[in-house]
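S.K.: Those sequence lines, one after another, are chains A and B.
Throughout the first sequence, residue numbering follows the working numbering, covering 77 to 198 in sequence.
Throughout the second sequence, residue numbering follows the working numbering, covering 2 to 433 in sequence.
It should be emphasised that the hints constitute simulated quantities derived from the structure, not laboratory data.
Don't take each hint at face value.
Stated by the list, open to error - Quick partial rundown of chain A residues pointing at chain B, CB under 10 Å, derived from the structure: (1) Val119; (2) Gly120; (3) Ile128; (4) Asn165.
Ideal Cβ positions, reconstructed from N, Cα and C, are used throughout, including at glycine.
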Amino acid sequence: MADYKGGETTGFQSPAQDHIEEVVDLAALLDLRKPGMYPVRVVGQNLKERGIDHNDILIADATADPEAGRVCVAMFGGEVILATLKRKNGEWFLLPSKGEPVPVTADVDVWAIIRALVRIDV
Amino acid sequence: MCGQSSALLFELMSEMFALIDGNSFYCSCERAFEPKLRGVPLVVLSNNDGCAIARTDEAKDLGVKMGDPWHIISKRPEMKAVQWRSSNYSLYGDMSRRVYELLLDAVPFVEPYSIDEMFMDYRGMPYDLTEYSAKIRETVLRVAKIPTCVGIGPTKTIAKLANKLAKKNRSGPGVLNLADPAHRASAYKDIALGEVWGMGRASVLKLEKSGVRTVADFVAMPSDHVRDLLTVVGLRTHAELRGTSCISLTGLSAAKKSLAVTRSFGKAVTTWTEMREAVASYATRAGEKLRQHGLQASAMQVFMHTNRFNGDAPYSGGLTVEIEPTANSFALIAAALRAARSVWRDGYRYQKAGVVLVDLYRASELPAQMFPTRDPAKSAKLMQAMDAINAREGRGSIRPAHVPVQASWAGRQRNVSPRYTTRVEEIMCARA
Ligand SMILES: [Mg+2]
């Protein structure tokens with residue numbers, strides 16, 4: 077256990093003693109503890125133009141309302157995919173990174189909206 | 002003055018409860034992350050992939066019953082289409098937390114009664130309770146991905162009953178409000194007594210003998226008669242069904258009076274070496290749980306028994322011992338093994354064992370010990386370090402020497418889903 081946090085010292089008193097803070101909390105920054113937040117791993121490179129690469133971790137928010145242009149996690153046909161939301165004539169569509177737009181009907185589950193991205197080893 | 006009268010108003014507000022319950026909760030957790038499982042029959046199995054402990058409607062319709070041994074019923078031809086999963090309690094626990102936190106946004110107090118059932122305080126709600134419940138259900142489904150049913154009533158027992166009825170009506174709205182006495186009276190006529198929360202089999206049999214079959218029959222009985230026939234628990238249920246609230250909402254810390262780690266073995270344990278490993282593992286886990294709650298235990302119960310149903314020679318033994326108040330895994334293991342050794346009898350095929358910690362205290366509530374045999378500060382630090390490493394590296398990464406890595410008695414979990422929400426290497430994948 078590393079007990080020394082920059083405050084308590086044995087010889088000279090640390091001037092930082094009353095100013096010790098915790099390390100930046102990324103879970104808090106990403107709101108990960110909220111009940112609607114889910115981490116998702118990207119598989120595939122088809123969203124590269126959007127800045128989303130293979131193996132990135134996305135933070136998906138299931139409380140967010142759909143918004144045109146946002147990337148979402150969607151479930152349909154038994155698959156979990158990433159797609160861009162599009163609105164046309166009052167109807168929602170999914171634009172998968174490849175293939176035709178898919179109208180959002182009862183058997184298409186817009187599961188959560190992507191809020192943030194974490195990339196290790198940039 | 003104003004504050005006082007509103008406090009009085011709060012006192013006078015009549016009790017109102019809602020019970021929200023996840024439909025086939027474990028199955029719903031699996032379906033949340035695996036869309037292939039939606040609309041198909043799905044079963045989740047107990048610890049050692051032994052028997053069915055959660056079933057979707059589709060699986061119920063195929064005849065899968067709670068507790069059915071999977072290795073037997075899976076051989077039936079009609080079970081071919083059934084998907085099954087090992088239990089993944091890390092996932093279910095986190096999904097339960099999500100449900101709980103969502104509910105806390107909607108009501109002032111939530112009592113997590115079990116992993117998939119929560120009581121909500123609906124007292125003084127300025128909304129139409131049925132509509133409000135429908136909104137809560139919708140949010141829980143959208144955000145925590147769990148389909149639920151809600152029952153509403155002026156007592157916990159009525160809320161629980163309403164929930165059960167809401168669930169039975171599969172194509173219904175998922176909410177049943179039994180706050181209205183007239184509505185209740187007509188519903189009671191069709192409900193068998195066995196459906197009522199807290200009504201044991203013995204009580205039902207006694208009541209049936211005197212011609213009391215439905216809930217309507219039961220509430221029509223005079224209280225004196227109920228008191229003569231049943232215990233105080235029966236009398237309390239009677240009052241609750243009549244609309245007088247006797248069971249209030251319970252907070253978590255108040256409820257924690259004991260802490261148990263018990264498990265059935267994957268295969269029968271026949272040697273002391275295996276039993277010693279098992280008991281040491283349970284004591285270790287119990288210690289972790291104890292420390293999570295900031296508690297110390299001053300007594301412990303250890304038990305073991307054979308399978309009562311399969312014709313094995315029967316043996317069941319247990320022992321309660323007092324211990325110096327502690328949350329130290331090593332002290333708990335030592336005490337547990339001493340107790341286990343004296344309960345152990347050679348020559349039996351043990352099916353289950355457990356360690357139950359009782360007499361729990363907050364560490365701060367304990368009287369200073371006269372002659373502590375351990376250094377409590379040092380011991381707390383060591384345990385903290387062990388818990389921190391296990392939290393980071395995964396449970397069991399470091400463990401007392403008594404606890405095996407892969408135990409022969411632990412049984413297999415052959416089809417366990419990823420811990421999608423709590424392990425970074427297991428999170429859900431989405432195709433770009
Ligand atoms: Mg349930």
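S.K.: Against this structure, judge whether each hint is valid.
M.R.: Here is what the structure says about each hint:
Hint status for valine 119 (chain A) relative to chain B: holds, with the closest Cβ pair at about 5 Å, below 10 Å. Given hint, glycine 120 (chain A) at the interface with chain B, holds; its Cβ is 4 Å from that chain's nearest Cβ, closer than 10 Å. For isoleucine 128 (chain A), the interface hint holds, since its Cβ comes within 10 Å of a Cβ in chain B; the closest pair sits about 6 Å apart. Hint on asparagine 165 (chain A) is violated. Least Cβ distance to chain B is approximately 25 Å, over the 10 Å limit.
Hint compliance for this structure: hint 4 is the single one not met.
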